[in-house]
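Visitor: Listed below are the residues making up each chain.
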Amino acid sequence: MDLNVIDDSTPVASEDGCSSGSCGTTDDQMSHLPDNIKEKVQNHPCYSEEAHHYFARMHVAVAPACNIQCHYCNRKYDCSNESRPGVVSELLTPDQAVMKTKAVAANIPQMTVLGIAGPGDPLANPERTFETFRQLSEQAPDIKLCVSTNGLALPASVDELSKHNIDHVTITINTVDPEIGAQIYPWIYWNNRRIHGVKGAKILIEQQQKGLEMLTERGILVKVNSVMIPGVNDKHLEEVSRIVKSKGAFLHNVMPLISEPEHGTFYGVMGQRGPSPEELQNLQDACAGDMNMMRHCRQCRADAVGLLGEDRGDEFTIEKIEEMDIDYGKAMKVRAAVHAGIEEELAEKEVKKAKLVSSMDSAAQPLKEYRPMLMAVATSGQGLINQHFGHATEFLVYEASTKGIRFISHRKVDQYCIGNDTCGEKESALAGSIRALEGCEVVLCSKIGFEPWGLLEDAGIQPNGEYAMEPIDDSVQAVYQEMIANGTLDADEIKLDAVSA
Amino acid sequence: MSLEIVDSCVSCWACIDVCPSDAIFKADTQFKIDAKKCTECEGDYANTQCASICPIEETICDSEGVPINPLGSLTGIPPEKMNEIMLEIQSR
Ligand code: SF4
Ligand code: SF4
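As given, the protein sequences belong to chains A and B, one line each in that order. With the working numbering applied, the first sequence corresponds to residues 17 to 517, in that order. With the working numbering applied, the second sequence corresponds to residues -18 to 73, in that order.
Hints were generated in silico from the structure; no laboratory data involved. A virtual CB, placed ideally from N, CA and C, is assigned to each residue, including glycine. It is possible that some hints are incorrect.
Said to hold, decoys possible - Covered by chain A, per the in silico footprint, the following chain B stretches (three or more residues, Cβ under 8 Å):
no., segment
1, -16 to -9
2, 10 to 18
3, 38 to 44
4, 62 to 71
Claimed, not checked - Listed next, the in silico EDC-like pairs over lysine to aspartate or glutamate satisfying Cα-Cα at most 20 Å (straight line):
no., chain 1, residue 1, chain 2, residue 2
5, A, Lys179, B, Glu38
6, A, Lys251, B, Glu69
7, B, Lys7, A, Glu498
8, A, Lys92, B, Glu38
9, A, Lys92, B, Glu69
10, A, Lys92, B, Glu45
Said to hold, decoys possible - Derived DEER-like restraints, expressed as beta-carbon distance ranges:
no., chain 1, residue 1, chain 2, residue 2, range
11, A, Pro487, B, Leu52, 53 to 61 Å
12, B, Asp3, A, Ala302, 47 to 55 Å
13, B, Asp3, A, Thr333, 24 to 32 Å
With the hints as extra help, turn the sequences into a complete structure.
Guide: Shown next, in the form of structure tokens:
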């Protein structure tokens, strides 16, 4: 039996349009978008699942101030042990940010996108944000720029934004209902006043929706992020997904609430839970029926630097950058060559994938249905299984089924704290890894130690090092086929029958 | 006539940009108000701007030392209702 590869974000070239494998790919999910936007998305390092193994993005922290309060945010952001999303440690001036971006771009040619996401709201810091964008558009035109916002100041910023080399804007929209909004945002700062509760949430929602419409009218890509908060907006996000799609957002990304008392956030302190991996995946699947979902979004630390889950930020501190002598003109040439090489490799992969799909089309449907299962992969990029289990700071989770292979999500090992001596209770990294793998039945890695092997097996997760340095898609497919062949999935069926009988 | 920032300030930078009198500055461990420059926003705004954006309760105080944003005013939860609401949130 041949399994084809389904990819949520990279369209598969298929002659006869909708084959069983390519149905539901980006092509269909983005059919509502104008052609120029579709094209932008398809070649984009941030939105193509394939490309994100090769390209990197970075953020600079130039925007400290914020104009609203979210219950999942703690505005005290100088804890050096923090690695929650949106939490950054080194605040930069626009000049420093430009210097850092050029230094990273020269040293990591795969870095193609520069974002400003905080630590506050970039548009509540218009001078610092736009000065950074203006200088980069001039001095490093080969870097795409992006910005994330809560949306409150968005309508007022659209004209200024459209002047720069802005590639896309991310708006965090957690609700379109002011009553729900009041449970997430206790107040906003608007027209020089603090406005509380439902009234404030209503203004915020209006500004978000207006900003979304204004950007899409001007042809600027808009991605929408939502934080899934169980019992607050979880049932409501499907509707949000429908609405933002109808207004032209090209992507909707549902992220889990990450909430622990030690974060000092309102939700953390009050004991609001985040969703389980299963709840998150169910919601993502429900929303994906409506529109394209970005599953490869990593809730990375906002100032993380490097490829897939690696953070080379320590190499680019302000002191170190000041000593570097960057010739950006020269760097741009190297970068162009590296990018061309990567694009060539990606194009080859596309061709291979298209062949797989067409061979699948001609093959008969599998006689028997087997249940889908989740597999985790340790990788440091290039689309290969090339990381030691013990070194993985995150895993990529894939779903294998008789319909093909589907990328599901990133699972970070330490979502908030690395637990060193200065930071209270220490949980072993291994326990953290095993917890991150909840729901997965197999973990593929290049190597793994004896102790973790045993503990993983005890947790019902089969470690597998046989596919070291092999391509991820092919390996996941091969393991799934092995499991079918050796009857692992049959056994389950019998068990299920017994239960239902 | 001046407001004051006490040491519960978390240095979030929100107040500094909205002050019409350029009275706020970043000190070593927190932000502070220069009492000579602060006008309490009189003539510029109906509400004191720093106290309208500061996210931390009991951090900005009036000239008598009374917090402009007392406990419970920003979360919207009066202290006596805290336990009840916490239980409700934990049952989600
Ligand atoms: S009260 Fe007004 S003038 Fe005084 S520090 Fe606050 S914002 Fe500035
Ligand atoms: S807004 Fe409040 S917490 Fe933030 S820097 Fe000013 S005084 Fe400190």
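Visitor: Next step is simple, just say for each hint if it's right about the structure.
Guide: Going through the hints against the structure:
1. -16 to -9: Result for this restraint: violated, n = 1.
2. 10 to 18: violated (count 0)
3. 38 to 44: violated (count 0)
4. 62 to 71: holds (count 4)
5. Lys179(A) / Glu38(B): Measuring from Cα to Cα gives roughly 39 Å; hence the hint is violated.
6. Lys251(A) / Glu69(B): 18 Å, holds
7. Lys7(B) / Glu498(A): Not OK: Lys7(B) and Glu498(A) at ~62 Å, beyond 20 Å, violated.
8. Lys92(A) / Glu38(B): Cα-Cα ~13 Å, so holds.
9. Lys92(A) / Glu69(B): 26 Å, violated
10. Lys92(A) / Glu45(B): The hint is violated at about 27 Å.
11. Pro487(A) / Leu52(B): 53 to 61 Å: 57 Å, holds
12. Asp3(B) / Ala302(A): 47 to 55 Å: 51 Å, holds
13. Asp3(B) / Thr333(A): 24 to 32 Å: 31 Å, holds
The structure fails hints 1, 2, 3, 5, 7, 9, 10 (numbered hints given earlier, in ascending order).
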